[in-house]
Each structure stands twice: as structure tokens, then as C-alpha cells.
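With the hints as your guide, set chain Z onto chain W.
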Amino acid sequence: MMIPAGEIRLTDVTVAYDRHPAVHHVSGRFAPGSLTAILGPNGAGKSTLLKAIVGQLPVAAGSIERGPLKARDIAFLPQQSSLDRGFPISVLELVLLGHWQRAGAFGRIGRQGIEAARAALSAVGLEGFEQRPLGTLSIGQAQRALFARVLVQDSRVILLDEPFNALDARTIADLLALLQRWHAEQRTVIAVLHDFDLVRQSFPEAVYLARRLIAWGRVEDVLTPENQLAARQMAESWDEDAPLCAVDDHHDHHHAA
Amino acid sequence: MTAAYDFLFGPFAEFAFMRRALVACFAMALGSAPIGVVLMLRRMSLFGEAMSHAILPGAAIGFLVAGFSLPAISVGGVIAGLIVALLAGAATRATDQREDASFAAFYLIALALGVTLISTRGSAVDVMQILFGSVLAVDEAALLLLGAVASLTLLVFAVIYRPLLADGFDPEFLRSVQPGGGTLYHFIFLGLVVVNLVAAFQALGSLMAVGLMMLPALAARYWCRSFVAGMLVAALIAALSGYCGLLLSFHADLPSGPAIVLFAGAAYILSLGFGRHGLLLLWHRRRHLEA
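Residue numbers (our numbering), protein chains in the order written: chain W, 1209 to 1465; chain Z, 48 to 338.
In isolation and in its complexed conformation, chain W is listed as follows (with noise of 0.2 angstroms):
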């Protein structure tokens, strides 16, 4: 069955990743056009599956289905902690990255390349920033900047590691408006979160993940009280024995693969 532009299907997917908790036969559908919350303890492996999803990690079992998408067409905000945010760019040049897809590491940018990201830090709210060190920024304006980056890159998928964490209500707000415009343009978007009041306000759909899937489904359906404990039950069972387990799934699914 062909697998329409914006849709991701996972199917039975298990990722490890190495000395790290790892998703386990996790299988469900973003839908074209989707906007869902993946929530879920800390250690469920919210991250790991993302990181799968945009190819970065291999998938040990089951498949991840992107149909005409290839993974490196899908827009990947990583957390903000894996930034060096000391590193000597310059504002302007961050969002010019988002480039990528179509220049590739060589090609030529050009003038409309740069109208688009400056286009870009204005929608963010940073008209003006260009050439400002990366480095000057407070955290909340360097994530409107890669915010920047994500509205360059203008892809189907977008996917968004943990997007508001630390950040100020204001900013918040205003890059909740921009995840809004994103879904209102059918793009997919997922993104992965902590605030449970914000996800009911804002998300129709959400993921529920303890290293195994907990619900898959609209959020008043996955946001349940029976869910939630069944999440802190899992969680707490991996704090007494969490590498040994790990590294004993890990070996099962060898076998089983």
C-alpha cells in the first residue's frame, strides 16, 4: 500500500541504542498533516525514537515507512543542549543552514537563500539579529533562531525535540503559534514534551512512550490517569535493574532479528 506524502509509519519498531534505553515494538501512524505530542517519562526513549524516525539511529527491528520522504528530507530540531552555543556563528549563518537539503555542504546559497532566512528571523520575532554571535543570545532567542532554521528548511515532516524547555511563556507562545501555523500549512509535526496542560490545550494527538507504547490516539483518549500510572509502574521498574535490562533486550531482539 503506497504510503502518502507527510506520513510516517512505524511497524513493530524497536531502536537500540548502545548502553542507552531503547524503544521496544513500538508500532502506529503519524497521519499527513498530524500535530502530536510524544510524551512519556524521563529515560522512555522520546528522543531515541525520534532520532529513528529522522534516521540518525538504526531501527534493530520492525521498519520505519517515510513514503517519497527520504529521512533527510525531514526537519530535525534537536534539544537545545546538544548546541554548543559558544561556537562563533552568527545568527544569520545558523538559519542558513537550514539550507541544507537543497544546497547540500558546497552549493551556492544566493541572494533569495538569504531574503528567505532573513524572512525567517523576522517570523520570529528576531528582525535585526543577523549578525549577532550566537553565543549573545539568551536561550529563549537561540531557540527562536533555530526555530528560524526549521521555517527555512520548509519540509513535509517536522519533527521537534523538547521545544519549549526552559524557555520563558512569552516565547513559548509564540513559537506554540508558529507549531500552529506549521499544522494549519498540513505539515506533520511532532514533537516531543514535558508539559502535560500545555500538550491538552495545544495538541490533538499524542504518543504515550515507557520504552514500550503505553497509547497512540487523540490526547483526551492517551492522557488518562490509568495511563499515567501505568507509565510511573514501567518507569520505576527500570530504576532498579535499567542497564541489566536493557542490555537483555538488546540480546533478545539479536535473536530475534
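I should point out that these hints are in silico values taken from the structure, not numbers from a laboratory.
Among the clues, some could well be false.
[Claimed, not checked] Sample of chain W residues lacking proximity to chain Z, with all beta carbon distances greater than 12 angstroms (derived):
1. 1255
2. 1281
3. 1307
4. 1364
5. 1386
6. 1392
7. 1410
8. 1429
9. 1434
[What the hints assert, rightly or not] Covered stretches of chain Z (chain W as the covering partner; in silico rule of three or more C-beta atoms under 8 angstroms from a C-beta of chain W):
10. 201-212
11. 223-229
12. 266-274
[As the list claims (entries may be wrong)] Sample of chain Z residues with no beta-carbon within 12 angstroms of chain W, all distances over it, derived:
13. 61
14. 89
15. 114
16. 134
17. 137
18. 146
19. 148
20. 167
21. 179
22. 181
23. 190
24. 198
25. 305
26. 312
27. 326
Computed from a prediction, not measured in an experiment: that's the story for all the values here.
Where a beta carbon is used, it is the ideal one built from N, C-alpha and C, also for glycine.
Showing chain Z alone in chain W's frame:
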């Protein structure tokens, strides 16, 4: 006036070996100093130090086979450097060790092995020569090698500028738009580090070569906040250190390599104190904030 001229330019006007040494320093400044900037930004400041020792056994074997032959020493050095880099990387991935730990182990072994190898055949003078180089003895062939390596370095940097930038500050983004890309550019860059160290080897020796690579880069960090400006300032500081160091070694009869590196060190200390992002201004700003 003529006294000043004689002091500042006389040695270079009079002696061909001083001129060659100066050109060698300029070439190293153009090649090594930008490499140092990237090493520092990737938090690999100690990596250059480790690599400069790692090339030693290979250079020693080249020396044993062919005496002080530039091609033999260079090829041996490049091979040894790459082997140590690969071994350390493999040891890190195969076991639970951090990469800096593996590098420390392998470069110490390489250093001891290199010195032992040289002393089985050569004299104490040879050991000194290998460890500290002799920029005043740089010949035509070594100059050509230095020039070629500096040109290659700048050219490659121009080509891989964008991936270097992306990999340096946001490696996960680079991997998401170009799977496997980070590793490729990382190895191209490591290759450049080794080639630059080997080229600087004859002039500054295994222990001093890394000085002209790292110190100007670390000093430049206190003056500018942009990538390209950092490289330019680092190259400028390295070239100035070369000039001042040669002059000092000539007039005060000091060993030239250490004199050059000491000037680079002085530039670092000055920048640390008085640079735009140095201690003095930081302290000044803090007092203002408190007041």
C-alpha cells in the same frame, strides 16, 4: 634609524637561512593556526598535542631507514599519526573508555617508542633535533612541503567550511540533513591535523610544532567572536610570533623553536589579560554591574 633597521631586518637581509626560517614560520602560521582554531572550537585542544607525539615512532622509523630524509620522515609520521588516531578511536568504541583517555595512553606509548627507536641508531643530537626541530636548518624541500600543506589546508577549509561549522556547533543537525556526514568531515579534518604537524616537524620538532598550532588560536579567542576572524587573527599572531621569535633567537643566541613558541605564549598571556574578552575587561564589567 639604521640601528633599528639592522636590529629588526638585518638578520633576514643578511642570512638566507633566516629568510627561509621566516618563510617557514609564515607558512606554518597560515596552515597550522586555523587548524588550531577549529581544534579549540571542537574542544580538542589537547588532541593536537597528542597527535604531535603520535607521529614520532613513524618519523623515527623513517629516520632509521633513510636518515634525515624529509620524504621518509614525513610518510612515516603521517602513517603513525593515522594509526594512533584509528587505534585510539577503536579502543574508545570497543570498550567503555573516554576518547581522551585512550589518546593519552596511545600517545605516551608512541612518544616512548619514538625516542627509543631514534636513540638505538642516532645520537643525543638527533633526539634533540626530532623533539625540538631546527627551523634555521629548513631547506628548500621542507619549505616546499610547508607551503604546499598550508595551501592545501586553506583550500580544504574553504571547501568544507559549511560542514565544519555545522559539525562543530550542531552535530545532530548535520547528521539529520546528511547521514554519515559528520564522520566524513571529521576524518578529513583529522587528516589535515596530521599532515600539518608532520610538515611542521622539521622546523619545530615534535614537541614544539603544536605550540604554533594551539597558542595563537587560544589567544585569538580573546579578541574575536567570529569563526573566520578567529582564523585570521590566529594566523597573524602565529606569523608575528615567528618573526619575533626568530629575531630574539638571533640576537640573544637562544634556540629558535622554543623562542617562537614562547612569543606565541606571550601573545596568549597578553590576550588573556587584555583581550576584548579577557580578564581585565571582564573584571571591569563585573565591577560596573555591582556598582
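For this session: With 12 angstroms as the threshold, tell me whether residue 179 of chain Z passes as away from chain W on beta-carbon distances.
Result: 33 angstroms, holds
For this session: Classify the label on residue 137 of chain Z as holds or violated, using whether its beta-carbon is more than 12 angstroms from each beta-carbon of chain W.
Result: For residue 137 of chain Z, whose nearest Cβ neighbour in chain W is about 15 angstroms away, the distance exceeds 12 angstroms, so it holds.
Exercise. Are all beta-carbon distances from residue 1429 of chain W to chain Z longer than 12 angstroms?
Worked result: 31 angstroms, holds
Exercise. Against chain W, does the stretch 201-212 of chain Z show at least 3 residues with beta-carbon separation below 8 angstroms?
Worked result: holds (count 5)
Exercise. In terms of Cβ atoms, is chain W entirely out of 12 angstroms range of residue 148 of chain Z?
Worked result: Answer for residue 148 of chain Z: holds, closest chain W Cβ roughly 17 angstroms.
Exercise. Does residue 114 of chain Z sit more than 12 angstroms from chain W, CB to CB?
Worked result: 43 angstroms, holds
Problem set entry | Minimum Cβ-Cβ distance from residue 1307 of chain W to chain Z exceeds 12 angstroms | Answer for residue 1307 of chain W: violated, closest chain Z Cβ roughly 10 angstroms.
Exercise. Do three or more residues from the stretch 266-274 of chain Z put their C-beta atoms closer than 8 angstroms to C-beta atoms of chain W?
Worked result: Holds: 4 residues of the stretch 266-274 of chain Z have a Cβ under 8 angstroms from chain W.
For this session: Compute the least Cβ-Cβ separation between residue 198 of chain Z and chain W, then decide whether it is above 12 angstroms.
Result: Answer for residue 198 of chain Z: holds, closest chain W Cβ roughly 19 angstroms.
For this session: Decide, holds or violated, for the assertion that all CB atoms of chain W are farther than 12 angstroms from the CB of residue 146 of chain Z.
Result: Holds: least Cβ distance 15 angstroms, greater than 12 angstroms.
Exercise. Is the Cβ of residue 312 of chain Z more than 12 angstroms away from each Cβ in chain W?
Worked result: At roughly 23 angstroms from the nearest Cβ of chain W, residue 312 of chain Z sits farther out than 12 angstroms, so the non-interface label holds.
Problem set entry | Assertion that chain W covers the stretch 223-229 of chain Z - criterion: three or more residues, beta-carbon distance below 8 angstroms | Answer holds; 5 residues pass the 8 angstroms Cβ test.
Of the numbered hints listed earlier, those contradicted by the structure are 1, 2, 3, 14.
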